[in-house]
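**Q** Here's the letter readout for the chains.
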Amino acid sequence: MPIVINLDVMLARRKMRSRELAERIGITEQNVSLLKSGKVKGVRFDTLERICEVLDCQPGDILEFREADKTT
Amino acid sequence: MTFHPALRTGHNPRLARIAGVSRALSWLTLFLMIAGPAAIAGLLLFDPSNLDRMLIEGLSTSGKASLTPVTRVLAILLALVPVGLVLAALFFLRRLFQGFARGAALAPESGQRLKWIGIILAAFAPMTIVIGTLGSIVVSWANAPGEREVSIGLHTDNITVLVFGMLLVVLGWILEEAAIVADENRQFV
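Chains A and B supply the protein sequences, listed in that same order. So the first sequence is numbered by this note's numbering: it starts at 1188 and just counts up by one. So the second sequence is numbered by this note's numbering: it starts at 76 and just counts up by one.
Next up, chain A with everything else stripped away, as it sits in the complex (with noise of 0.2 Å):
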């Protein structure tokens, strides 16, 4: 899928784990470890808003579009 999720390298930069970030926006820790690794269909806007608050960053610093590979 073109768009990458960046969420791994933003909890590294902030030294934060997973389950303290699962706490902290309300969602299990299965749903943000699912959303690391980018296998689900979507990111609900209030759960996009509560992870930049309390990442204290940019939607544009979790999701990143990438070209496709066209010659594969």
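Calculated from the structure, these hints are not laboratory results. All residues carry an ideal CB built from backbone N, CA and C; glycine is no exception. Hints should not be assumed to be uniformly reliable.
To be verified - Sample of chain B residues facing chain A (criterion: CB under 10 Å; computed from the structure):
| # | residue |
| --- | --- |
| 1 | Ser226 |
| 2 | Glu259 |
| 3 | Asn260 |
| 4 | Phe263 |
| 5 | Val264 |
As the list claims (entries may be wrong) - Over the 12 Å line for every Cβ pair with chain A, so calculated as not near, a few chain B residues:
| # | residue |
| --- | --- |
| 6 | Pro88 |
| 7 | Leu105 |
| 8 | Ala113 |
| 9 | Pro123 |
| 10 | Thr143 |
| 11 | Leu149 |
| 12 | Leu165 |
| 13 | Trp191 |
| 14 | Asn218 |
| 15 | Leu229 |
| 16 | Ile234 |
| 17 | Gln262 |
Go by the hints and put chain B onto chain A.
**A** Just chain B now, kept in the frame of chain A:
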């Protein structure tokens, strides 16, 4: 935006209430599935003399009928068809409640079960008319010529059950669609 931690963590009081009520209803349907046939069997065992009277009252409109061994068996078989349909509907109803009790309210199986209950109820209405007609022929078969009867009856109850059955079929379809949407929604965080 409003944050509802209770909904997010999966603790939903409404779903818990649905599960509790469904658990109780699944036991009630099991009781009905056992009590119904047991009551019929008990009636046949302990009061067999009333069998003919019940069959004639149930299947004949004039009440002028006498049963031979063959017509008695045929009349019993005809009378058992609605019982079988009710038992089948109760079976699917119990499976539906069991699913709800497990928390699978929005599951494709729930929609399929509801659809089956609807199909059985929708079939029950025309089946009752056919059974009533056949029954009137069977119970009056041994009557003297000129006293045999054919009765075709349509009650408002038949139409109500038919409409209710069709409503359940459509609701079953809707539940299946809702299950697909819910599954997709679960993949959103």
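**Q** So, for every hint listed, does it hold in this structure?
**A** How the hints compare with the structure:
no.: 1; hint: Ser226; verdict: violated (59 Å)
no.: 2; hint: Glu259; verdict: holds (6 Å)
no.: 3; hint: Asn260; verdict: holds (9 Å)
no.: 4; hint: Phe263; verdict: holds (5 Å)
no.: 5; hint: Val264; verdict: holds (4 Å)
no.: 6; hint: Pro88; verdict: holds (17 Å)
no.: 7; hint: Leu105; verdict: holds (35 Å)
no.: 8; hint: Ala113; verdict: holds (47 Å)
no.: 9; hint: Pro123; verdict: holds (63 Å)
no.: 10; hint: Thr143; verdict: holds (68 Å)
no.: 11; hint: Leu149; verdict: holds (59 Å)
no.: 12; hint: Leu165; verdict: holds (38 Å)
no.: 13; hint: Trp191; verdict: holds (31 Å)
no.: 14; hint: Asn218; verdict: holds (70 Å)
no.: 15; hint: Leu229; verdict: holds (51 Å)
no.: 16; hint: Ile234; verdict: holds (45 Å)
no.: 17; hint: Gln262; verdict: violated (4 Å)
Violated hints for the displayed structure, listed by number in ascending order: 1 and 17.
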